[in-house]
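Residue numbers (numbering that gives the first Met the number 0), protein chains in the order written: chain V, 0 to 158; chain G, 0 to 158.
Rather than coming from a laboratory, the hints here were simulated on the basis of the structure.
Among the hints, erroneous ones may be present.
Where chains are identical, the list cannot tell them apart; a pair therefore holds if satisfied intra-copy or between any two copies.
[To be verified] Quick list of in silico lysine to any residue cross-link-like pairs, SDA-like style, CA-CA up to 25 Å: (1) Lys46 <-> Thr58; (2) Lys105 <-> Pro56; (3) Lys105 <-> His55; (4) Lys50 <-> Glu81; (5) Lys50 <-> Leu103; (6) Lys50 <-> Gly34; (7) Lys50 <-> Asn155; (8) Lys50 <-> Tyr75; (9) Lys50 <-> Gly98; (10) Lys105 <-> Val32; (11) Lys105 <-> Gly36; (12) Lys50 <-> Arg99.
There are 2 protein chains.
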Amino acid sequence: MRKIFFLVVATLMLTACNNQTQTTMKENNTEPVLGLGEVVTDNFTGKAWLKYLSTHPETTDCLIYNVTFAPATRNYWHTHSEGQILICTEGEGYYQERGRTKQLLKSGDVVHIPAATEHWHGATPNRQFTHIGITPKASVNQVQWIGEVTDEEYNNAIK
Amino acid sequence: MRKIFFLVVATLMLTACNNQTQTTMKENNTEPVLGLGEVVTDNFTGKAWLKYLSTHPETTDCLIYNVTFAPATRNYWHTHSEGQILICTEGEGYYQERGRTKQLLKSGDVVHIPAATEHWHGATPNRQFTHIGITPKASVNQVQWIGEVTDEEYNNAIK
């Protein structure tokens, strides 16, 4: 009888533990409204996903895509020769231009990244972050990747 | 004693009624993630809001804005000489091109409206609808408003 009791308790504990794991996994990889897309690795520190929303640059001359950063993930320092626009839709992130303190980004924020300006963006340490990215003048807008954002740079104070 | 009883019942009924009204108002005017902006009236049937997200067309050559339609609201038949992109973020809406059956739009859907193509978009009868609109090639992209979407057109079957 005692054996059955322990079996039942152990099963209940395992079930509870499994449910908790599933909840945590779901929280860490929440599907954004516009979709996760494919994993990207080049020029990112951590785990990020990219989903193209518009691939008609031959008619529209702008590229539109959804980028999702796992917590603590960021891209490398880089420039866009014609600038870029970020529309923050979910979670919490950072944006920093070289020589300036980094900014905290929340859903609803819009960032206009000026042409040829060195910068990076990514998630805060504990929150997934999603933004739409818009590359205007796509036919001539060149990206130049410069180098990794160090942990020291990432952990610097926000403004 | 009976008077006090009726007073208490009447107060409770009024409170319940007031709470219901507040809930209904809140449901009908939910603030979208990217903001409601200002009420627009021209070329819309019903109530709609417009919030510009990017007004740097001189450097980016694209206009980005958030449009929210109250339930049953739609814009007039119109064309964009260089096309338009809609990114549906909240609620449920319709999109129709002249001569085609209308489409149901849900959050996550992206619509590429071809250049010079007569169309309209708006909310479903019972749901508020929000999309981001992107006007590419803004310096040369002309809008031409044609005329109201009739109730008959609006109520036609969806595909």
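Evaluated hints:
1. Lys46 <-> Thr58: So lysine 46 and threonine 58 fail the 25 Å test inside a copy (32 Å) and across (32 Å) alike.
2. Lys105 <-> Pro56: The answer is between: 24 Å across copies meets 25 Å, while 28 Å in one copy does not.
3. Lys105 <-> His55: between (29 Å within a copy, 21 Å between copies)
4. Lys50 <-> Glu81: both (21 Å within a copy, 24 Å between copies)
5. Lys50 <-> Leu103: both (23 Å within a copy, 22 Å between copies)
6. Lys50 <-> Gly34: both (7 Å within a copy, 24 Å between copies)
7. Lys50 <-> Asn155: The answer is neither: 29 Å in one copy and 33 Å across copies each exceed 25 Å.
8. Lys50 <-> Tyr75: Close inside one copy (19 Å), not across copies (31 Å); limit 25 Å.
9. Lys50 <-> Gly98: Neither: 30 Å inside a chain and 31 Å across chains, both beyond 25 Å.
10. Lys105 <-> Val32: both (16 Å within a copy, 10 Å between copies)
11. Lys105 <-> Gly36: both (21 Å within a copy, 18 Å between copies)
12. Lys50 <-> Arg99: For lysine 50 and arginine 99, neither the intra-copy (29 Å) nor the inter-copy (28 Å) Cα distance is at most 25 Å.
Against the hints set out earlier in the document, violations occur for numbers 1, 7, 9, 12.
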